[in-house]
Amino acid sequence: MGALVAWSGYLQVKLMAATSEASRYESEWKKLESDYKKVTANRETVAEVERKWAALQTLATNRFLWANPLNALQFVMVTVDDVQITALKTSQTYAITEAVKPSTNLVGVVSRGKPGTSREKLMFTLDGKDTSKEAKDPARFYKLQEAINNNPYFKTNQVKAQLITRSPDQVDPNNPTRRFSTFTLGCEFPEVTR
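Each residue of the sequence shown is one higher than the last, beginning at 0 in numbering that gives the first Met the number 0.
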């Protein structure tokens, strides 16, 4: 019986030592827990900043530059006589879709997030004056439209010129023997989602 009491005392001392050690580890963890939370939050912030930086890099390297379409347009213009471009308007718009962060529901199921995207819409319009109003000569802006649609750059990039507006024939105030009409052609690039 004495051995059993001694063994029970030994186990009790061992249990108290283990409890004391567990309490010590728990208090050390409590001291480190706030630092751990700060480090974890900082890592998440760094990861978010790196994702945004990568997105900015992608946007910068994939941005649309107007030099190529303007260059193609100048080659188109020399092929059509009696058409004067009075205005060129460019439009570059973006529709932003915010990112959806991953989340965990009440059951513990994690739903994947979605990265943010942007839809890029590009177009340009040409306002012009067609002075080719001879009785048997068709309107030259149709030839301009056809020249744009057949240009290799615009064909490759799937850009189609479409007539938006056309005015009736008018008498030229500077030369009453000439007639002209004004027109607007719209050229739209396919939407790009990034």
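In short, the hints are calculated from the structure, not lab data.
Where a beta carbon is used, it is the ideal one built from N, C-alpha and C, also for glycine.
Treat the hints with caution; some may be incorrect.
For each label pair, taking beta carbons as the anchor points, the in silico distance ranges come out as [said to hold, decoys possible]: (1) Trp28 - Thr103: 46 to 56 Å; (2) Val45 - Lys88: 38 to 48 Å; (3) Tyr141 - Val48: 27 to 37 Å; (4) Pro101 - Val38: 13 to 23 Å; (5) Asp34 - Thr92: 23 to 33 Å; (6) Glu47 - Gly8: 20 to 30 Å; (7) Lys154 - Glu49: 31 to 41 Å; (8) Val38 - Leu69: 43 to 53 Å.
Here are the simulated DSBU-like cross-link-like pairs (lysine-lysine), alpha carbons at most 35 Å apart as the crow flies [as the list claims (entries may be wrong)]: (9) Lys113 - Lys37; (10) Lys100 - Lys128; (11) Lys113 - Lys128; (12) Lys120 - Lys154; (13) Lys100 - Lys142; (14) Lys37 - Lys88; (15) Lys37 - Lys51; (16) Lys120 - Lys36; (17) Lys88 - Lys36; (18) Lys37 - Lys100; (19) Lys88 - Lys30; (20) Lys100 - Lys29; (21) Lys128 - Lys30; (22) Lys13 - Lys30; (23) Lys30 - Lys51; (24) Lys36 - Lys113; (25) Lys36 - Lys51.
Next item on the list: Against the structure, test the hints numbered earlier, and report the numbers of the ones violated in rising order.
Entry: Of the numbered hints given earlier, those the structure breaks are 1, 3, 5, 6, 10, 11, 13, 14, 16, 17, 19, 21, listed in rising order.
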